[in-house]
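Chains A and B, in that order, are what the protein sequence lines are. Sequential numbering from 6 applies to the first sequence in this note's numbering. Sequential numbering from 576 applies to the second sequence in this note's numbering.
Misleading hints may appear alongside valid ones.
[To be verified] What follows is a set of in silico ranges between Cβ atoms, one per label pair, in the way DEER data are often shown: (1) B:822 x A:94: 33 to 41 Å; (2) B:821 x A:10: 34 to 42 Å; (3) A:97 x B:681: 42 to 50 Å.
[What the hints assert, rightly or not] Computed from the model, here is a short list of chain A residues facing chain B with C-beta under 7 Å: (4) 17; (5) 36; (6) 39; (7) 40; (8) 42; (9) 44; (10) 48; (11) 52; (12) 54; (13) 55; (14) 56; (15) 111.
Keep in mind that the hints were calculated from the coordinates and are not lab data. All figures in this text were calculated on a predicted structure; none of them were measured in a lab. For each residue, glycine too, the CB sits at the ideal point set by N, CA and C.
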Amino acid sequence: MFDRIDPRSPTPLYAQIAGRIRVAIASGELRSGAALPSVRDLAGRLRVNPATIGQAYRELETEGFVEIRHGAGTYVRELTSGRRTRERARQAKTLVERLLADARRVGVPIDELREAIEGALGARTT
Amino acid sequence: MTNVIDIDNVHYRPGKGFELRDLSIHVPAGSIYGFLGPNGSGKTTTIRLVLGLLRAQRGRITVLGDQMPGDATKILARVGYVPEQPHLDPTLTVREILRFQAAFYPTWDGRRAEQLLDQFQLDGERLFGRLSKGQKAKVMILLALAQQGDLLVLDEPTDGLDPVVRRDILAALLEYVSQRGAAVFISSHLVHEIERICDWIAVMDDGRLVTEAPMEQLKSGTKRLRVSGAPAALGATPFALFNREPATGTTETWVVGHWKPEMAPFFSGIGASLEEVIDLDLEDGFVELLRSFRARPS
Numbered sequence: 006m007f008d009r010i011d012p013r014s015p016t017p018l019y020a021q022i023a024g025r026i027r028v029a030i031a032s033g034e035l036r037s038g039a040a041l042p043s044v045r046d047l048a049g050r051l052r053v054n055p056a057t058i059g060q061a062y063r064e065l066e067t068e069g070f071v072e073i074r075h076g077a078g079t080y081v082r083e084l085t086s087g088r089r090t091r092e093r094a095r096q097a098k099t100l101v102e103r104l105l106a107d108a109r110r111v112g113v114p115i116d117e118l119r120e121a122i123e124g125a126l127g128a129r130t131t
Numbered sequence: 576m577t578n579v580i581d582i583d584n585v586h587y588r589p590g591k592g593f594e595l596r597d598l599s600i601h602v603p604a605g606s607i608y609g610f611l612g613p614n615g616s617g618k619t620t621t622i623r624l625v626l627g628l629l630r631a632q633r634g635r636i637t638v639l640g641d642q643m644p645g646d647a648t649k650i651l652a653r654v655g656y657v658p659e660q661p662h663l664d665p666t667l668t669v670r671e672i673l674r675f676q677a678a679f680y681p682t683w684d685g686r687r688a689e690q691l692l693d694q695f696q697l698d699g700e701r702l703f704g705r706l707s708k709g710q711k712a713k714v715m716i717l718l719a720l721a722q723q724g725d726l727l728v729l730d731e732p733t734d735g736l737d738p739v740v741r742r743d744i745l746a747a748l749l750e751y752v753s754q755r756g757a758a759v760f761i762s763s764h765l766v767h768e769i770e771r772i773c774d775w776i777a778v779m780d781d782g783r784l785v786t787e788a789p790m791e792q793l794k795s796g797t798k799r800l801r802v803s804g805a806p807a808a809l810g811a812t813p814f815a816l817f818n819r820e821p822a823t824g825t826t827e828t829w830v831v832g833h834w835k836p837e838m839a840p841f842f843s844g845i846g847a848s849l850e851e852v853i854d855l856d857l858e859d860g861f862v863e864l865l866r867s868f869r870a871r872p873s
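Please take these sequences and the hints and turn them into a complete structure.
Pasting the structure below:
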């Protein structure tokens, strides 16, 4: 779940970690009631500052994805399937925005991009 | 107490050549504070001042709320220190070294020391002098952790070690920090390692402080900009302009600090346009900071 955390990225580490957990929750890899790793374990495993893990967990708590039970760990909250679907849609939107920004930078016009996407989709279904 | 180390206007000049000038550094409680700088920039000297091993000619050093060097004994009981070079007796076994060290620290945690021996896969019966470089480094960090201090001062603890040993040492260190809430002051050349674990950064060069800032602020504020049509002479800028050089045509590359996206309108104000904002990682930022620090009029 936490592969390829990149300390050199301009996205702060806590946001990267929170993002990975959000994806895991949206995809159902982390189910309601599942325990997240303890701050201490995850800090040691990823070799990042424990405060960074704490910040990621607090952000997820503010967003309503997890519940921090003091001294007892952090758990994924009961989420409606609608919430998971909305989160997936939000992630899809982010992916597309990133793709469009990259295309603009490289100078690929939108219709060529659309063609490439349809080509890739066609290649997968046939 | 909000800071675990306060260095205020410290001046230290051991001889004719090198000096530390007007050094002020503030390490917040609970932080992992990375201390970067090229060789000979004064990192080890600063650490030795913090530990009372050297005495400043001017200025004030407070560690864990007490004065250095006056309260050195009291402070050092609470500080775990890993020097750049191992200084332990090579003719003692690892376990003898542990027993020796334990005698100095009332807070010594023997169980933790045993657990770390195990975790680091160290043979307690082996002579220290017979250990590999990585094993020696592990013994050094073990001593600092088992002492159960409130502050760890580490002088390039993983320099020159292989990645596996570095990983083991950092994992043990971070585990300790999350358990004890201790602060860490760590000097290193390994910018990527610092970038991963630290929440504060200070950069030294030639005995002076270049910058001190929270990691995120330093990273999010240091950018490379592509600017076109900028006049040669500029007035005041809302950001710090570290460097400016021609790219292609009228386009230039600028390196700036303290950047915020809201500052973009500055460019239309001077009749220029901002083409692109490029993120820098800590290493690029570090190199640019040093370059502009060295080029400044002194």
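Each hint, compared with the structure:
1. A hinted range of 33 to 41 Å for the beta carbons of residue 822 of chain B and residue 94 of chain A is consistent with their spacing of about 40 Å.
2. Taking the beta carbon of each, residue 821 of chain B and residue 10 of chain A are about 37 Å apart, inside 34 to 42 Å as hinted.
3. At about 58 Å, the CB distance of residue 97 of chain A to residue 681 of chain B disagrees with the hint of 42 to 50 Å.
4. Among the interface hints, the one on residue 17 of chain A holds; its C-beta lies about 5 Å from the nearest C-beta in chain B, closer than the 7 Å criterion.
5. Checking residue 36 of chain A against chain B: minimum C-beta separation of about 26 Å lies over 7 Å; hint violated.
6. Interface restraint check for residue 39 of chain A: the shortest CB-CB distance to chain B comes to about 21 Å, outside 7 Å, so the restraint is violated.
7. Interface restraint check for residue 40 of chain A: the shortest CB-CB distance to chain B comes to about 17 Å, outside 7 Å, so the restraint is violated.
8. A least Cβ separation of about 12 Å between residue 42 of chain A and chain B goes past the 7 Å threshold, and the interface hint is therefore violated.
9. The restraint placing residue 44 of chain A at the interface with chain B holds, with a minimum CB-CB distance near 5 Å, inside the 7 Å limit.
10. Checking residue 48 of chain A against chain B by beta carbon gives a least distance of about 5 Å; that is within 7 Å, so the hint holds.
11. About 5 Å separates the beta-carbon of residue 52 of chain A from the nearest beta-carbon of chain B, less than 7 Å, and the hint is met.
12. A distance limit of 7 Å between C-beta atoms decides the matter here; for residue 54 of chain A the minimum to chain B is near 5 Å, and the interface restraint holds.
13. Because the beta carbon of residue 55 of chain A sits about 3 Å from the nearest beta carbon in chain B, less than 7 Å, this interface hint is met.
14. At a threshold of 7 Å, the smallest CB-CB gap from residue 56 of chain A to chain B is about 6 Å, leaving the interface hint in force.
15. Restraint check, residue 111 of chain A versus chain B: the minimum CB separation of about 13 Å is more than 7 Å; hint violated.
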